[in-house]
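Those protein sequence lines, which keep their order, are chains A and B. The first sequence stops at residue 710 when you use this note's numbering, and every number in between is there. The second sequence stops at residue 138 when you use this note's numbering, and every number in between is there.
Relax, there's no trap hidden among the hints.
Below, a list of computed lysine-lysine pairs in the BS3-like style, where the Cα atoms sit at most 30 Å apart:
| # | chain 1 | residue 1 | chain 2 | residue 2 |
| --- | --- | --- | --- | --- |
| 1 | B | Lys41 | B | Lys85 |
| 2 | A | Lys709 | A | Lys638 |
| 3 | A | Lys614 | A | Lys638 |
| 4 | B | Lys87 | B | Lys76 |
| 5 | B | Lys87 | A | Lys638 |
| 6 | B | Lys85 | A | Lys697 |
| 7 | B | Lys87 | B | Lys35 |
| 8 | B | Lys85 | A | Lys600 |
| 9 | B | Lys87 | B | Lys41 |
| 10 | B | Lys41 | A | Lys638 |
| 11 | B | Lys85 | A | Lys638 |
| 12 | A | Lys638 | B | Lys62 |
| 13 | A | Lys614 | B | Lys62 |
| 14 | B | Lys87 | A | Lys697 |
| 15 | B | Lys87 | A | Lys600 |
| 16 | A | Lys697 | B | Lys62 |
| 17 | B | Lys62 | B | Lys41 |
| 18 | B | Lys76 | A | Lys697 |
| 19 | A | Lys653 | B | Lys62 |
| 20 | B | Lys41 | A | Lys697 |
| 21 | B | Lys76 | A | Lys638 |
| 22 | B | Lys35 | B | Lys85 |
Calculated directly from the structure, the hints in this document are not laboratory data. Just so you know, these numbers come straight off a predicted model, no measurement behind them.
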Amino acid sequence: ELKVEQNPLFLSMQEGKNYTIYCNYSTTSDRLYWYRQDPGKSLESLFVLLSNGAVKQEGRLMASLDTKARLSTLHITAAVHDLSATYFCAVDILLTNAGKSTFGDGTTLTVKP
Amino acid sequence: GAVVSQHPSWVICKSGTSVKIECRSLDFQATTMFWYRQFPKQSLMLMATSNEGSKATYEQGVEKDKFLINHASLTLSTLTVTSAHPEDSSFYICSARDPASGTYEQYFGPGTRLTVT
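Could you build the full structure based on these sequences and the hints that come with them?
Here is the structure:
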């Protein structure tokens, strides 16, 4: 059974600081996704990581994937209040998992002034 | 990116009644759609995989007679919560994969908040 673990689950940080969210998964994956969810809203796709060493950046967020370590990171640079949200990673194993995604428990980020 | 819509965005119903939620892929055809449920401050829980033209595949522990799924066309899947009870109150989110996208990523609907009184 595929397991996806995120840490930390809760993160409170000051504006301007840097931090990293980690996503570990238990078996070989075809794809890894990062999503953002604002309170009361659905999921917004941030990044799709398809291969070992993949790095994607958008604004103050950068995601990377190490398939050998089964680890993805979401790095936050110089955090601002607008980044406050819950971030989920999700992993696909398309051939054996019927196209389903397995989600981590989410990391709730609060950025304080 | 591709767009998935849901209707209604919120619904309040009385205990014992049934509620239907629609999920539509607006600009692509989806042979497979997924239905999730999310309780407050928790992650998404996959309920079932909806397959166009065939029966849905339910996850372990999800009552298929209570959560009826119909995927009648390549752009529409419906979830009917039958004989709803207060414990069914939750945020229901559907998603669909766009087979034409190179990344095979899921596109999520905006969600439906169900409150059963």
